[in-house]
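Letter by letter, the chains look like this.
Protein chains: 2
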Amino acid sequence: MAMAKLVVLLVALAAAVGSCSAWELNIRMPTARDVEAAAERLEEDVAAPLIHALRPVLGSGGQLWRRAGVPCDSWRLAVEAYNKRDWRMVPAYCERYVGHYMLGGHYRRDSRVVVDEAIAYAEGLKLAGNGKEVWVFDIDETSLSNLPYYATHGFGTRPYNATSFNEYVLEGSAPALPETQRLFYKLIALGIKPVFLTGRTENQRAITVKNLRRQGYASWDKLLLKPIGFKATAIAYKSGERQKLQNAGFIIVGNIGDQWSDILGAPEGARTFKLPDPLYYIG
Amino acid sequence: MAMAKLVVLLVALAAAVGSCSAWELNIRMPTARDVEAAAERLEEDVAAPLIHALRPVLGSGGQLWRRAGVPCDSWRLAVEAYNKRDWRMVPAYCERYVGHYMLGGHYRRDSRVVVDEAIAYAEGLKLAGNGKEVWVFDIDETSLSNLPYYATHGFGTRPYNATSFNEYVLEGSAPALPETQRLFYKLIALGIKPVFLTGRTENQRAITVKNLRRQGYASWDKLLLKPIGFKATAIAYKSGERQKLQNAGFIIVGNIGDQWSDILGAPEGARTFKLPDPLYYIG
Numbered sequence: 001m002a003m004a005k006l007v008v009l010l011v012a013l014a015a016a017v018g019s020c021s022a023w024e025l026n027i028r029m030p031t032a033r034d035v036e037a038a039a040e041r042l043e044e045d046v047a048a049p050l051i052h053a054l055r056p057v058l059g060s061g062g063q064l065w066r067r068a069g070v071p072c073d074s075w076r077l078a079v080e081a082y083n084k085r086d087w088r089m090v091p092a093y094c095e096r097y098v099g100h101y102m103l104g105g106h107y108r109r110d111s112r113v114v115v116d117e118a119i120a121y122a123e124g125l126k127l128a129g130n131g132k133e134v135w136v137f138d139i140d141e142t143s144l145s146n147l148p149y150y151a152t153h154g155f156g157t158r159p160y161n162a163t164s165f166n167e168y169v170l171e172g173s174a175p176a177l178p179e180t181q182r183l184f185y186k187l188i189a190l191g192i193k194p195v196f197l198t199g200r201t202e203n204q205r206a207i208t209v210k211n212l213r214r215q216g217y218a219s220w221d222k223l224l225l226k227p228i229g230f231k232a233t234a235i236a237y238k239s240g241e242r243q244k245l246q247n248a249g250f251i252i253v254g255n256i257g258d259q260w261s262d263i264l265g266a267p268e269g270a271r272t273f274k275l276p277d278p279l280y281y282i283g
Numbered sequence: 001m002a003m004a005k006l007v008v009l010l011v012a013l014a015a016a017v018g019s020c021s022a023w024e025l026n027i028r029m030p031t032a033r034d035v036e037a038a039a040e041r042l043e044e045d046v047a048a049p050l051i052h053a054l055r056p057v058l059g060s061g062g063q064l065w066r067r068a069g070v071p072c073d074s075w076r077l078a079v080e081a082y083n084k085r086d087w088r089m090v091p092a093y094c095e096r097y098v099g100h101y102m103l104g105g106h107y108r109r110d111s112r113v114v115v116d117e118a119i120a121y122a123e124g125l126k127l128a129g130n131g132k133e134v135w136v137f138d139i140d141e142t143s144l145s146n147l148p149y150y151a152t153h154g155f156g157t158r159p160y161n162a163t164s165f166n167e168y169v170l171e172g173s174a175p176a177l178p179e180t181q182r183l184f185y186k187l188i189a190l191g192i193k194p195v196f197l198t199g200r201t202e203n204q205r206a207i208t209v210k211n212l213r214r215q216g217y218a219s220w221d222k223l224l225l226k227p228i229g230f231k232a233t234a235i236a237y238k239s240g241e242r243q244k245l246q247n248a249g250f251i252i253v254g255n256i257g258d259q260w261s262d263i264l265g266a267p268e269g270a271r272t273f274k275l276p277d278p279l280y281y282i283g
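As you go down the protein sequences, you meet chains A and B in turn. All residue numbers for the first sequence refer to the working numbering, where the first residue is 1 and numbers rise by one. All residue numbers for the second sequence refer to the working numbering, where the first residue is 1 and numbers rise by one.
Note that these hints are calculated values from the structure, not bench results. Where is the CB? At the ideal position from N, CA and C, for every residue including glycine. Heads up, some of the hints might be wrong.
[What the hints assert, rightly or not] Restraint ranges, calculated between C-beta atoms of paired labels, are given here:
#1 A:W87 <-> B:K126: 50 to 56 Å
#2 A:K244 <-> B:P159: 43 to 49 Å
#3 A:W87 <-> B:L190: 20 to 26 Å
#4 B:T163 <-> A:Y121: 51 to 57 Å
#5 B:F230 <-> A:L170: 53 to 59 Å
[Claimed, not checked] With the Cβ distance kept under 8 Å, some of the chain A side facing chain B (calculated, not the full set):
#6 W75
#7 L77
#8 A78
#9 E80
#10 N83
#11 K84
#12 D110
#13 V113
#14 E117
#15 Y185
#16 I188
#17 F230
#18 T233
#19 A270
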C-alpha cells in the first residue's frame, strides 16, 4: 500500500518538479501542519517524498539492516540514549530512514516533547529574578538547523566535509528550530537569560549573529564562540565555559543541546535537555 | 488495513483462546524468531495480538495522543534520553503502544543494539586480568524481566502496587532478559566479573538467587541487595555501593541498567549502558 502511494507520488512529482532546483527550493523545516498531517497518516514512509524523488531509492532500512544487524530505529535510540558513542557516520543503509525522520513530522514531534518538558521545568522554578539566572543553548541542531545542508549531503551517511559545511555556515541561512525558539522566548518571558554556547569559532561570529537575527532570535545575553585554534574536546571546552559563567556569578538553571557533549561535564547546569540528532556525533 | 488484520486475528483468537488462563500462559519473552517475524512485518500493530484479544481495545495512541499532545513514541524517546524525569505512570493512552513495544520485537531489537555496543566495548578493553575487573548489572528489567507482571497490570499505566508486585517477585519466576544474559556470559569469558547491584532488599536474597539460577545465571561475583529500611534515593544508594567496590580495589569497567538512576552518580563505572524501559521510573 505504501509502495503504491509512493508510486503515485513519484508520478505526480515527476510532472511537477522537473529540475533539481525545485528540489533545493523545497527543503524546509517541517511545519505544525506537517506534524498534524504526519499524525494523520501515521506513516513515516510518505512524509518526505520530494527527497526521494530526486535520489536513487536505497531500499528500506527494514530490508537492509537485517544483513548489518542494526535496525535504524534501534540505532537512533542507542544514539539518543548515549549507548552508541564515538560514531563517525550514519550507517549507509539508514540514509532513507534518517531522511524520513528528519523531514517528516517525527523529528519535530520528538523535539516538541523535549521542549515541553523544558518549559514545564522552567515554569516550575522558583526564580530569584536577579538577572543572574541563565539557560545555555547550543546552536547547531539546537537553535539553528543545518538540515538543508545535510539533506543534500546524505543525511550524515557521508564523511564530514569541513569545506562544504563551512561554506554552508557562511551563507547564514540555517533555519531556526521552531521548538527551541519557543523555549527561548518562554525563558526570556520568565526572566531567564539565554546564553548561546557553541563549537562554532570566533571568526564565524558575524555570520552567526546575522543568521540568528534573520531567523528571529534576539535579546540573548551572551554568544560564546570557541577561540580559533583552541584544542580541547567539546565536553572540556563547554564545561569550562559553563564554569566561567558560574565563577562570574551566573546560575545555570538549564542547558539544552543536541549532543551529549553539550550537556555532560560539570557544571552541567541544574537540568539538562537532549534534543534529537541522528545526523552526526561530536565527542 | 491494520484494522482488518486485527479483526481477523481477534476472530481467530476468540475461537482458539476461550479463557483467561490461555492468556496467562501465552505471556513470554520475544524470541529471536519473533524479532525476525517483526522485521518482516515491520508493523508493530500485529506483534502481540493476544494481549489485546483479552482487554478492551483502547484505540491507537496515534489517535489519542493528539488530545494529550504527547505521541507515545516521542514520550518513550524522552524517557530513554533522560528528558522526561520523575514520571509516575505511563500515559493511559499509551498502554497499547507500550504493550506492542514490549511484546513485539521492538523492545528486544532495541536491547540487542545496546548489548552489541556493550560487548564491542568490552572486547576492546585492555584488561589487567587480575580478577579485580567487574561489571555492574542491575536486576529488574536488566537481568530479569517483570514483563509477565506488567503485561497483566496495565503496562505501567496504573499506580505502583507494592503488594501485588512483591507477590510476583516472591514467585521467583521472572524470565531472564536474553540480550543481557548474552552480555553476562561474554564478560565472564573475557575475565570480567559480574556484580549484581539491585534495589531489591536483603529479605529477597534467597528468592532472587533462586530466580537468577533458574533462569540460567550462574558464576556471578557478588549480589548486592539493599539493607531493609535503608532510606536513600536509588542514585545515592547505588553510587555508594559502587564507591565501596572501588574502595575494595575493584575496577568497575562497565555498568548496565534500565534506569538512569542505575548509571548516574560517581563512580558510575568506566562506561555505562542504558537498556530500554518504558514501564516505570525510579529516581
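Evaluation of the provided hints:
1. A:W87 <-> B:K126: 50 to 56 Å: violated (22 Å)
2. A:K244 <-> B:P159: 43 to 49 Å: holds (45 Å)
3. A:W87 <-> B:L190: 20 to 26 Å: holds (23 Å)
4. B:T163 <-> A:Y121: 51 to 57 Å: violated (33 Å)
5. B:F230 <-> A:L170: 53 to 59 Å: holds (58 Å)
6. W75: Given a least distance of 6 Å, the restraint on W75 of chain A holds.
7. L77: Holds, about 5 Å.
8. A78: Since the shortest Cβ distance to chain B is 5 Å, the answer is holds.
9. E80: Since chain B brings a Cβ to about 5 Å from E80 of chain A, closer than 8 Å, the hint holds.
10. N83: holds (5 Å)
11. K84: The hint holds - K84 of chain A has a Cβ within 8 Å of chain B, the shortest such distance being about 6 Å.
12. D110: holds (5 Å)
13. V113: holds (4 Å)
14. E117: Constraint on E117 of chain A satisfied, holds at 5 Å.
15. Y185: violated (19 Å)
16. I188: violated (21 Å)
17. F230: violated (27 Å)
18. T233: violated (16 Å)
19. A270: violated (12 Å)
This entry does not satisfy hints 1, 4, 15, 16, 17, 18 and 19, going by the numbered hints stated previously.
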